[in-house]
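> Sequence:
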Amino acid sequence: MVCWGFLVGSVIDNTTVRSSGYASQDNRTNPGTFGVSLLVLIAAVMKADGKVVRSELDYVNNSL
6 MVCWGFLVGS VIDNTTVRSS GYASQDNRTN PGTFGVSLLV LIAAVMKADG
56 KVVRSELDYV NNSL
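Going by the working numbering, the first residue of the sequence shown is number 6, and it counts up by one from there.
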């Protein structure tokens with residue numbers, strides 16, 4: 006049985022992003038990029054109601 010999360014993560018980590026703008030260098034994703042993006046998304050969802058509750062922070066801390 007294949008672990009789908011590992012497979013998708015491997016594909017994302019090996020993805021090359023090309024841009025047609027000013028930055029013409031080869032932009033490869035770093036191994037920690039997905040984790041940082043996920044934390045930013047979680048923080049935005051927690052702040053959506055205007056306040057961050059300790060139980061939300063504990064849940065995220067225990068989940069990750």
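Think of the hints as simulated: they come from the structure by calculation, not from any bench. The structure displayed is predicted, hence computed values, not measured ones. One should not assume that every hint holds.
Said to hold, decoys possible - Per label pair, the in silico range of CB-to-CB distance:
1) G55 x N19: 38 to 48 Å
2) N19 x L43: 27 to 37 Å
3) F39 x Y64: 17 to 27 Å
4) R33 x K56: 16 to 26 Å
5) K56 x G14: 24 to 34 Å
6) V45 x N67: 13 to 23 Å
7) V41 x V16: 13 to 23 Å
8) F11 x R33: 24 to 34 Å
9) N19 x R59: 22 to 32 Å
10) K56 x N19: 35 to 45 Å
11) V13 x L44: 16 to 26 Å
12) V41 x N67: 15 to 25 Å
13) F11 x K56: 30 to 40 Å
14) Y64 x V41: 15 to 25 Å
Think of the CB as a built atom: it goes at the ideal place given N, C-alpha and C, for glycine as much as any other residue.
> Output the indices of the hints that this structure fails to meet, ascending.
2, 4, 8 and 9
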